[in-house]
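*Asks:* Chain by chain, the residues run as shown.
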Amino acid sequence: MAESSRSRRHRLLLTLRRNLFASPLDGLITLVLLAVCGSGLWFLMHWALIKADWAVVYENVCLYFNGIFPADHVWRSWSWLAVLAALCGLTLWPWPLPRPLMRLLPLLWILSLPIGLVLLASGLGLEPVRSRFWGGLQLTLLLTLGTIALALPLGILLALGRRSSLPLLRWLCTSYIELIRGVPLIAVLFFGQLMIPLFLPEGWTFSRVLRAVLSLGFFVAAYMAEDVRGGLQALPRTQLEAARSLGLSPLKTITLVELPQALRIALPALANQCVASVQNTSLLAYLGLIELLGISRSILANPSYLGRHLEVYLWLALLYWAVCILMTSLARRLERTLNVTGHH
Amino acid sequence: MAASAAPSPPSDSGAQPGDAWSAGPELAVRSQELDKIFSNGFQALRKVDLAVGKGEVVVIMGPSGSGKSTLIRTFNGLETIQGGHLEVLGHHLDADNNQKVVSKIRRHVGMVFQQFNLFPHLSILENVTLAPIWVQKRDRQKVKKDALALLDHVGIREQANKYPSQLSGGQQQRVAIARSLALSPRLMLFDEPTSALDPEKVKEVLETIRTLAAEGMTMVVVTHEVGFAREVADRVVFMDEGMIVEEASPQTFFTDPKEERSKLFLSRIL
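Those protein sequence lines, which keep their order, are chains H and R.
Each residue of the first sequence is one higher than the one before, starting from 0 at the first, in numbering that gives the first Met the number 0.
Each residue of the second sequence is one higher than the one before, starting from 0 at the first, in numbering that gives the first Met the number 0.
Possibly wrong hints are sitting among the right ones.
As the list claims (entries may be wrong) - Derived DSBU-like pairs: lysine-lysine, alpha-carbon spacing no greater than 30 Å straight-line: (1) R:Lys-136 x R:Lys-200; (2) R:Lys-144 x R:Lys-161; (3) H:Lys-251 x R:Lys-136; (4) R:Lys-161 x R:Lys-53; (5) R:Lys-161 x R:Lys-141; (6) R:Lys-136 x R:Lys-103; (7) R:Lys-143 x R:Lys-99; (8) R:Lys-143 x H:Lys-50; (9) H:Lys-251 x R:Lys-141; (10) R:Lys-99 x H:Lys-251; (11) R:Lys-202 x H:Lys-251; (12) H:Lys-251 x R:Lys-161; (13) R:Lys-143 x R:Lys-161; (14) R:Lys-143 x H:Lys-251; (15) R:Lys-99 x R:Lys-53; (16) R:Lys-46 x R:Lys-143.
Unchecked claim - Only part of the chain R face toward chain H is listed, based on derived beta-carbon distances under 10 Å: (17) Leu-117; (18) Ser-179; (19) Phe-253; (20) Pro-256.
Everything labelled a hint here was simulated from the structure, so no lab data went into it.
Cβ coordinates follow ideal geometry from the N, Cα and C atoms, glycine included.
Based on the sequences and whatever the hints tell you, model everything.
*Replies:* If you want it as structure tokens, here you go:
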């Protein structure tokens, strides 16, 4: 026993030496890097544990998550966040789940947005809550899911339109994609928030949240269209010929043969767009929406939290990072599930 | 010219020259002065006349680029034609290919490709049931039962729940044949079905096609397999440079070809 543990330690030391101290220069670089990382970590821990005052975070947890949602109804916002967390948990569950539940998961994900809208806005006997009371992480997630729900179908249609045999449709879709890709997102968001109300007839108005989702969705759709187009182009022509020879109509060829394969190919790129959408919602803080970044700026404006920027922004970074890590894990999971059935 | 010389079984009661153009009920395919010109100007078919009788097995041979594949691809509308007449199973195709006619033809014509072209995202069973369910709109349970029987027929029933990438080339090609058969076609087109296979897998696929021929299926097969042509074909059609050079029974064609071009081709492959 003692013999084997000593030889194991010996092997470990050898590995360390080979990887970190192979030559004098290697050794020097290792030491310098260790010193830099070590002192950085020491300063960070010293600041986080001793100098920082985390009251600005823990006293406002409810605000970060739910914004200024009315206190009587805040359970509705919490429940929606819990639904999303539960869905993530089920999807990422590493052990086998009952088959019926697995089959139901995609449907539950699609339903998560309507469920959220009912819980947040009103319906099913719930009292209405105006959208200007929505905020925090809850609003960030709502904006993200709404954007994806609008952009993905629209992106697929644009990609199909771009390779249509009808010249006018092809020209329209191509121009739309090229136009949107040539405009910065912040300009599109400004247009949605400030310009659209000017063009609407007197008395016509719709909520800022809806306007934000529409602007984000129409923007992201152009990028998603290009990802889907890439997937469609990767398909060999012979797949199309096989489908046609079997007598499948053009529409069925698209829905049964081309899109299932193209979306699989485009999945990593589409997931990338979804993660980027989370980050992009933060731009709306500068247009008066109190999503995660917006509510944090309001909190910082409170004089009793003067100078607590560092704490708040570190906490925000952690939250955004957690959401993105979750989304990439979900995407990877989806990729794996689909790949089990497809190519090697 | 070639059509009139066709030694197809139903020869005497067919369309007579001067009749209103019709293939008659005994012919599965009849082409007259068929021209195919690709958009880059290349003429792949030049005035091709060919008749395929019902129940007949026609093998088309010829060097690569001779238009063999293009010819059979016009039969199910994968290639449009630029001139001449074409009648497939009683439906007329002409230069301005009518989409409705094409889809009617495809309902009764099966096609097997060199590269199998199975759908990689569907299981073997789903590959076979796709068209019966979505094109013929038949009952799912019944389609599934029939598909399993077909897979049994081509000898791969145990693989029904696997995916194409998990099968060998020979197995994939047999699935492709089953997929076409699932629509109960009246005419089968084979476009070099064994050219992409490992040599030791060729036999199993040819065996499947041979069984099909024995069951009386009308078939047009583009292939380089001389042994197969000799044994299974009712007629061999030799093409070169987009034209039919010679049509003959396999015995005549392989032992006593008439045309110089055929002799040259055979001297190279035999």
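*Asks:* When the hints from earlier in the document are held up against this structure, which numbers fail?
*Replies:* The structure breaks hints 1, 4, 8, 11, 16, 19, 20; every other hint is satisfied.
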